[in-house]
Amino acid sequence: MAAPSPASLPWIWLTLLLALCLQVMPLADGWQIWRPDWLGLMLIYWCMKAPQRVGVFHGFVLGILLDLIEGAPLGQNALLLSLLAFLCALVYPRFRAYSLLQQAVLILVLLGTVQLVEQWLRTLLGPFSIHLSFLLPSLIGAVLWPWLTTLFRVFRRRPAGD
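Numbering of the sequence shown is given in our numbering, commencing with residue 1 and proceeding in unit increments.
Just so you know, these hints were derived from the structure itself, not from any lab.
Only a predicted model underlies this, so the values are computations on that prediction, with no experimental measurement involved.
Beta-carbon label-pair distances, calculated as ranges:
{"#": "1", "residue 1": "Glu70", "residue 2": "Gln102", "range": "31 to 37 angstroms"}
{"#": "2", "residue 1": "Trp11", "residue 2": "Tyr92", "range": "19 to 25 angstroms"}
{"#": "3", "residue 1": "Leu27", "residue 2": "Val61", "range": "23 to 29 angstroms"}
{"#": "4", "residue 1": "Ser99", "residue 2": "Leu68", "range": "36 to 42 angstroms"}
No residue lacks a Cβ here, since even glycine has one placed at the ideal position from N, Cα and C.
Please take these sequences and the hints and turn them into a complete structure.
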């Protein structure tokens with residue numbers, strides 16, 4: 001059986017759902033701040049690689065699923081992931097021309113902006129203190145970006161017969 005095309009919609013949804021699973025995977029106390037924003041990274045990847053197939057709607061649906069799984073106020077993550085997909089659509093023309101290092105810096109800015117909005121929403125919805133540690137997932141995501149894009153580039157170039 002031939003492998004699915006890397007840009008096919010089932011392949012895209014499979015990778016997004018895998019990222020959702022990694023996002024909600026339980027970790028020991030104190031390790032949550034070191035978890036990269038897997039869902040945000042994968043959403044950015046597909047918004048940049050297949051903007052005609054993945055966009056704000058995908059961010060909204062994944063955000064609703066994340067809200068339901070985490071028990072967060074309904075719409076919080078949907079708003080954040082929709083915002084992330086919208087920001088990706090805004091920077092898409094420039095993003096494709098950047099080197100991997102420049103893309104990683106832009107990923108840091110995109111994820112950091114979404115993390116900042118998330119902290120602002122948490123502060124509005126209840127007592128919550130802000131620490132700069134909320135930017136660690138963004139920083140880790142920016143460091144992982146070159147490896148993630150290289151991995152998916154290898155999958156894309158792999159012949160269908162293997």
